[in-house]
Amino acid sequence: MSLILLFTTALLIEKIILISVLFAITLGVAAYSTYGERKVAAFIQDRLGPNRAGPFGLLQPLADGVKFFTKEDFTPNAAERWLYILAPGAFMFVACMTSAVIPWGTQLTIFEKPVDLQVADLNIGILYIMGFVSLGVYGIMIGGWASNNKYSLYGAIRASSQMISYELAMGLSIIAVIMMTGTLSLKEIAAQQAGLNWNIWYQPLGFIIFLVCALAECNRAPFDLAECETELVGGYHTEYSSMKLGFYLFAEYINMFISCAVIATLYFGGYNFPGVDPGWLGGFMGPIVLFAKIIFFIFVFMWIRWTIPRFRYDQLMHLGWKSLIPLSILNMVLTGAGVLLFEN
Amino acid sequence: MQALTNRSKNVVNKKMTFMERIYLPAILKGMWTTLKHFFRKKNTVAYPDVKRPFAPVYRGWHVLKRDAQGRENCTACGLCAVACPAEAITMVAAERQKGEEHLYREEKYASVYEINMLRCIFCGLCEEACPKEAIFLTDRIVPADYVRQNFIFGKDLLVEGIDPANRIDVTKRQKHIQEHKTAATIQ
Ligand code: SF4
Ligand code: SF4
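Chains as they are written, first to last, in the working numbering: chain B, 1 to 344; chain H, 1 to 187.
Excised from the complex, chain H in its bound form (with noise of 0.2 Å):
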């Protein structure tokens, strides 16, 4: 029979001869093998003392940016909710009211903006989809948590603080998500 791969192995009944079936050379051999590994330099990253670097294309934890004066970006167009495969973007839009001028940039904004990280398989949809550079995904990983509730994220966890301090800084992203946008543009 001809063989499909070159990976397979014929599978015979042989008798073991006495050296096999002695063990003592085969074990002594195998011994050799784990002492080597005993020495060997470890494999292991200590995680939360040491973090290895993330790729720069990580795709974590979204951000809602704020614009240079601290209002929010977003409008509420629901294109990012619309391009989510995972449907995993509910929010609801209110109207700007006067005073609020500070607050958000555009005249209609997202009063509940909330992301199920359970649903989200973080593809970057949502980022390409925004017309506004509202949502970013980060290098943050999402943590871990005992009750599916608690992985709904709303508001209060995706939108970037005020002050410069808790700014989070998306520059590499958008350099990122600018390039593959012409890449498409000129295809």
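Chain B with its partners taken away, still in its complex shape (with noise of 0.2 Å):
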């Protein structure tokens, strides 16, 4: 019995350390992105970018952060204070659960005993990320509605609708790599990827197809209708002030970060890479591998954002509903006869 006790507890005290390391390189990753995104547009606009806090503007983020919490935080007089309130705070959250499915690497081992570097290995772990990630709509959503503004609503209404309308197409081309794996989880998808057998060489269109819907989910240029400042103000975030715009801005960093690590485990191998073990430098290898991915794919949204226009309303809907949906059908369909064909 008391064996029982000490093996959960361990196994607890474990989970609550890879927990919070993953949560504080979360954050970390959110906040220097905030950074990243500056210097990519003002290198891609032939500027220098933030250059004066620390060395190359290093401790900008800090800045940033001891300014959001220092702005008067202001709550308008026809909001509807508690939801008001409580927005940012669920799209946050919703925003950081999304990373306990991530798996970071193969195993550490630490005092001679393994460490799985997931926090939780569900068998479904797609659908969990998707669940969470179709929950982040309702931060978006209670935020602009509690805000009584009609450019938050707006905001509001447009995110949602286009969140709804790719999550569709996502889901088609996650399918696609279901059929594939034949499994649901993250950790065996990773796994089945060694070397290079990535998923990108099976599946280039559902990877294009599930590229463009995580732009649109993170609500990032091209898709940033949702905060388009040249209509709507500030979007879903007008009325927002002080911390409260800076945990919607963090969180959308934050669900940046985490589509380009389920793009990197889905399709780019995840922890994998040709010639190099997971294993190394006592399992530390996986998370820098993957980790290295993520920091490219967070540059490619970066520069995705800084190259491209803005889409008009109308043509995001055409192209979510007329050509990613269909596209990603036949993507699946596509992949069964592949399945078929060579499994077989």
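Bear in mind the hints are in silico, worked out from the structure with no lab data behind them. Please note that the accuracy of each hint is not assured.
Claimed, not checked - Lysine-lysine pairs mimicking DSSO-like chemistry, simulated, CA-CA at most 30 Å apart: (1) LYS322/B - LYS36/H; (2) LYS42/H - LYS67/B; (3) LYS42/H - LYS39/B; (4) LYS39/B - LYS51/H; (5) LYS51/H - LYS155/H; (6) LYS172/H - LYS155/H; (7) LYS29/H - LYS39/B; (8) LYS322/B - LYS155/H; (9) LYS14/H - LYS132/H; (10) LYS175/H - LYS108/H; (11) LYS108/H - LYS181/H; (12) LYS41/H - LYS39/B; (13) LYS36/H - LYS39/B; (14) LYS132/H - LYS175/H; (15) LYS155/H - LYS108/H; (16) LYS29/H - LYS42/H; (17) LYS15/H - LYS322/B.
If you're wondering where the values come from, they're calculated on a predicted model, not measured in any experiment.
Combine both chains into one complex, guided by the hints.
Next up, the structure:
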């Protein structure tokens, strides 16, 4: 009995440490994504970007954080008070939750004890992520609704209809991956792609669909109609200020980080890289490889944002419903045929 | 219809071709362009650290000159104020008292001399009008401020210092104005 208790406590402590580290890393990456975003934007526009706070402006996120905390926290008179406060928290919570099922590496060996580099190995990992991603709509919708401002409401409605439309194509493109790998667990999907046996070679069309949908899900340019500054002031967070606004912006960067992690895991081999054993450095090689891939994709996301102008709303819906969904169904059929052909 | 310029373009509402409708080639082309810009040399001049040289004809913050003995040149004749198209200059004249000969070159001087930097358009007509070579525009930038009142520059901000270290060099400007005036008389 006591042995079981000891075992569970050890497991609990291990998981708590893992969660804390993961949380810290997620927040750190999100903070430095804001810095990266500004640097990438600047470099693409032939500028230098932030370079005043610390060497190369590396302390800029810190300064931004202090700024967010010290700004006036304003609640509009007509706002639905509790929902207004709840919404950014809900958005942030949902954004952080998704990181739980990402397999960061194979195993670490700490004090002779193997430690799984994954907070929760759900056998339905992908479904979990899809579920939480769709919950993200609530943070935006509630925030936009509770602000009691027409611009916020417009932004929220746009965001939710956009996210719902693109979730379909995203789900369909994931189904193709699932058909191919035969599992819903992200850990197994990552493990199957050892070496250079990445899913991207089998699913190029699926990858493109997934990438486009991920951009739309993160509300990032060219699909940032939800906060389209030229039309909607600030979109769904028009009325937010101080750290509540900070939460929204932060959560968006966390979402981006997680999407990049999912893209890397689903299509680009997760922690695998040819010629590199994820078990090297006591198991730390896996996370490093995955991290490099994630950072590359974050860069691609930013690169796209600063290249492409925003879609018009009807174009967005057109692309989502009339192009991406049929394409992903086609992709599904092709994958099914492929699986039938090669596996029998 | 005849086009007025050769730059006009006919707008046609043509259907997009298949290649255009899948967007990807155009997007990749755009991303290639931005990637090239990513590695370009940056145009930014890191201003407070690096300052670009001014053009020799740059006109900024005025200076009221002193002569070699450190006496103020200005005699409060008011010609600069008359010449000023923006009516930025106001002054109050005063008579030089006994014992003030080391301060003012002429018997009459400006006890108050103010330029409203918000009105001034930095045209330089004041320095051309001045018969005493008393006022010049320099290459110093008028600093920003929060309060309008602070843009009314009095003598404390306009008159140059007495000791040689605080003198402001305007020889370039003097030469420029001289050439300008000669050209005007020849015409
Ligand atoms: S520079 Fe022109 S506008 Fe300014 S004070 Fe002299 S004459 Fe007036
Ligand atoms: S600056 Fe020159 S023009 Fe103006 S009042 Fe003095 S002497 Fe006269």
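Agreement of LYS322/B and LYS155/H with the hint, judged by alpha carbon distance not exceeding 30 Å: violated (73 Å)
Does the structure keep LYS108/H and LYS181/H at a Cα separation of 30 Å or less? Holds. LYS108/H to LYS181/H sits at ~26 Å (cutoff 30 Å).
For a C-alpha distance cap of 30 Å, please report whether LYS36/H and LYS39/B respect it. holds (15 Å)
Pair hint LYS322/B and LYS36/H, alpha-carbon separation not exceeding 30 Å: violated (33 Å)
So if I understand the rule, the pair passes when the alpha-carbon distance is 30 Å or less; does LYS29/H with LYS39/B pass? Judged against 30 Å, a Cα distance of about 22 Å means the pair holds.
Given the hinted pair LYS39/B and LYS51/H, is their Cα-Cα distance within 30 Å? Holds, at roughly 23 Å.
Straight-line alpha-carbon gap LYS42/H to LYS67/B, limit 30 Å: Within the cut-off at roughly 28 Å; holds.
Check whether the Cα positions of LYS172/H and LYS155/H lie no farther apart than 30 Å. Holds: LYS172/H and LYS155/H sit about 23 Å apart, inside 30 Å.
CA of LYS155/H to CA of LYS108/H, is that 30 Å or under? holds (16 Å)
Could you grab the alpha-carbon distance between LYS175/H and LYS108/H and see if it respects the 30 Å cut-off? Holds, at about 27 Å.
Between LYS41/H and LYS39/B, does the CA-CA distance stay at or below 30 Å? holds (14 Å)
Given pair status - LYS155/H, LYS51/H, alpha carbons within 30 Å: The given pair, whose Cα atoms are some 28 Å apart, holds under the 30 Å limit.
The structure does not agree with the numbered hints 1, 8, 9 stated previously, though it agrees with the rest.
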